[in-house]
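A.B. asks: According to this note's numbering, the sequence shown is numbered sequentially starting from 85.
These are calculated hints, taken from the structure and not from any lab test. Yeah, the Cβ is synthetic: ideal placement off N, Cα and C, and Gly gets one too.
Straight-line alpha carbon distances no greater than 25 angstroms define the calculated DMTMM-like cross-link-like pairs of lysine to aspartate or glutamate that follow:
{"id": "1", "residue 1": "Lys512", "residue 2": "Asp488"}
{"id": "2", "residue 1": "Lys473", "residue 2": "Glu451"}
{"id": "3", "residue 1": "Lys361", "residue 2": "Asp264"}
{"id": "4", "residue 1": "Lys236", "residue 2": "Glu201"}
{"id": "5", "residue 1": "Lys470", "residue 2": "Asp492"}
{"id": "6", "residue 1": "Lys470", "residue 2": "Glu506"}
{"id": "7", "residue 1": "Lys473", "residue 2": "Glu506"}
{"id": "8", "residue 1": "Lys294", "residue 2": "Glu513"}
{"id": "9", "residue 1": "Lys361", "residue 2": "Glu260"}
{"id": "10", "residue 1": "Lys502", "residue 2": "Asp488"}
{"id": "11", "residue 1": "Lys481", "residue 2": "Asp492"}
{"id": "12", "residue 1": "Lys405", "residue 2": "Glu513"}
{"id": "13", "residue 1": "Lys473", "residue 2": "Asp492"}
{"id": "14", "residue 1": "Lys233", "residue 2": "Glu197"}
{"id": "15", "residue 1": "Lys480", "residue 2": "Asp492"}
Here are the simulated distance ranges between beta carbons:
{"id": "16", "residue 1": "Ser450", "residue 2": "Pro182", "range": "23 to 29 angstroms"}
{"id": "17", "residue 1": "Leu180", "residue 2": "Lys243", "range": "32 to 38 angstroms"}
{"id": "18", "residue 1": "Leu180", "residue 2": "Arg556", "range": "43 to 49 angstroms"}
{"id": "19", "residue 1": "Asp492", "residue 2": "Thr543", "range": "53 to 59 angstroms"}
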Amino acid sequence: MQEAIAITEQPVSVSVPVGYSFTLRCRAQGRTSLQYQWFCQYQSDCRLIPGATNQDLPIIAKQTQLYTCRVNDLHRNAVFSDWVKVEVHQCVARGLPPRLWQGEPVIVLNPSEQRVEVGQPLQLQCAAMGVPAPSYQWYRNGNLLEQQKRRKLWITHTKVSDSGTYLCCASNRHGEHWTDAVNVHIGEQSQPTSLCCKSPGVRGTCGSGKFFATGKIALLVGNNRYQHHPNLMAPVRDVFELSRLLKHLGFQVVSLLDLNKAEMATAVSRFLQLLGKGVYAVFYYAGHGYEHLGRNYMVPVDAPQPYAPENCISVQRILQKMQQQQTALNIILLDTCRKWYNPGCALSQVQPLEPRGNTVYGYSTSEDAEAYELQDGEFSSGIFMKYLKKHILQEKKVTHMLEDVLEDIGRDPLVTGKQVMEIKHTLKEARSLTDPICPSGAATEHWGHGQELPSKTVTFPCGAQVELHFLRLFSNLMFVCAKPQPPLAHITDPQLLLHQLATDVVLQLDLHYIQPSTKQRTCESLQVTLHKSLLRQFFSQRNDSQPDSQRAPACTGSVCLQDALVLSTDPKGQGSLSTGSGHSLPSSSPSTFSSEPEENDESDLDELCLALLRAGPGQDGP
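With these hints in hand, go ahead and build the complete structure from the sequences.
C.D. replies: This is the structure:
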């Protein structure tokens with residue numbers, strides 16, 4: 085039998101600051117018209133709220149109370165809603181909740197470090213605001229504690245095994261937020277003197293210095309070849325340079341070239357997923373960009389003219405999400421112009437950053453100014469990177485290192501009065517990029533790893549062998565060299581064609597030769613399937629207007645394929661240099677002032693990649 089009254093929407097508990105305005109809602113269905121009456125309970129006193137006879141109950145938060153709603157019909161049937169708690173925080177930090185708060189959890193009380201004797205009780209406490217009120221889940225050493233689902237963690241009789249690092253996750257339908265991690269020490273335990281750090285290029289141990297990272301993660305993006313804007317010269321080399329230096333500092337690096345908006349968003353999302361408590365995070369972008377009312381925007385390669393926020397990527401939004409991952413250090417390096425643009429466009433919505441004191445902005449140029457590129461032999465480089473690579477390996481606070489870069493740029497006569505670096509930061513601790521790493525988990529191991537392919541030898545039916553070598557210059561660009569082995573006596577005039585099939589990550593090798601016995605020219609083909617690259621694991625295939633396959637004949641050089649492969653075939657096994665586009669490398673003079681940089685001659689990416697290979701690491705160049 086159908087109930088006379090059925091509540092279809094229950095009110096929900098909330099956790100808000102004092103003075104916050106919100107509404108409790110109750111909805112019900114019945115056979116007759118319905119009447120509503122709200123009640124509140126404070127301590128042991130339950131009171132009818134005068135005039136509260138609507139489905140919605142507006143409230144200005146003053147004190148923590150319980151609420152319920154009675155619903156009755158004309159036949160004197162009545163039901164009560166669930167009791168809900170309105171938790172009111174009387175004292176919260178300035179700026180909380182943020183101005184554009186949508187009800188997502190906001191931590192207002194973090195747990196504190198505890199030292200407890202064996203057998204004594206342990207209590208940890210945290211608190212978060214949220215609409216609806218957040219639920220809580222505690223963790224120890226990264227492991228979920230099934231029975232600890234309240235804001236207060238309570239262990240009646242502690243054991244030595246209860247020692248560890250604790251933190252709590254507050255979540256509701258709008259998202260989740262984590263407290264600071266704290267250490268709990270049970271009983272008298274000797275502390276280890278040090279933990280070894282095996283990261284390349286990083287000296288010291290976890291116990292020998294004041295600061296360390298639980299991991300080092302970097303995402304580098306360089307946009308060179310634009311569809312609707314002038315092409316650039318320097319990002320390809322600058323990304324290559326910075327990638328090599330950060331790897332020397334122990335960073336796991338993904339470096340990507342020429343991304344459209346969807347690809348940039350995907351790469352950033354994947355980058356953010358792998359950040360965590362205590363990680364040092366670096367995001368670097370080189371390419372077109374602009375500034376609007378203090379917000380910085382990066383321009384993807386497919387962005388139309390004119391620049392507009394909806395076609396670009398907001399830097400501040402990335403930083404905000406980096407901070408939400410409880411990182412120990414967030415560094416944004418922007419090697420892009422900051423000309424003021426689109427004064428009439430609406431700003432992208434970004435909430436204020438939490439005052440964590442771990443953020444560093446390094447701008448290659450100042451507000452409403454251009455960033456310049458220089459020709460350096462066969463390479464082009466940004467002024468910013470020219471001096472950043474000189475100082476980035478220094479063992480000093482990040483901001484002090486960037487100040488050295490700023491001073492060097494200021495002394496460069498080529499950009500005097502044109503480009504001045506700017507640094508903004510809230511870094512309260514003397515953290516350095518050279519700090520050691522004490523890993524806390526394996527999640528970051530997948531970032532920037534597993535991209536190299538071993539060399540392999542393939543054999544054609546005629547017996548001829550070809551050795552394939554693979555080398556990644558960037559995470560989404562691989563150099564492939566096919567080296568024919570010494571020719572067989574029964575074939576003459578061999579020619580090798582190497583090309584990529586557009587349908588998959590498949591290489592096809594075509595061997596053309598003349599059989600001395602018949603004097604006839606013969607062609608044999610082999611296909612080699614490559615493992616999916618990091619890019620292809622989470623990027624959709626470009627729908628570019630390109631032929632079904634791209635070819636690199638023997639002795640004629642290399643070609644770039646869908647921003648994925650550079651193919652080269654050479655009988656001597658050495659990469660040859662080609663200028664298939666017929667364009668010269670750009671000139672060294674900086675661009676003049678304008679709302680967008682002036683267009684440079686389009687550089688041949690294949691030629692530049694091969695030049696980077698020839699230069700190799702260990703030199704002043706790449």
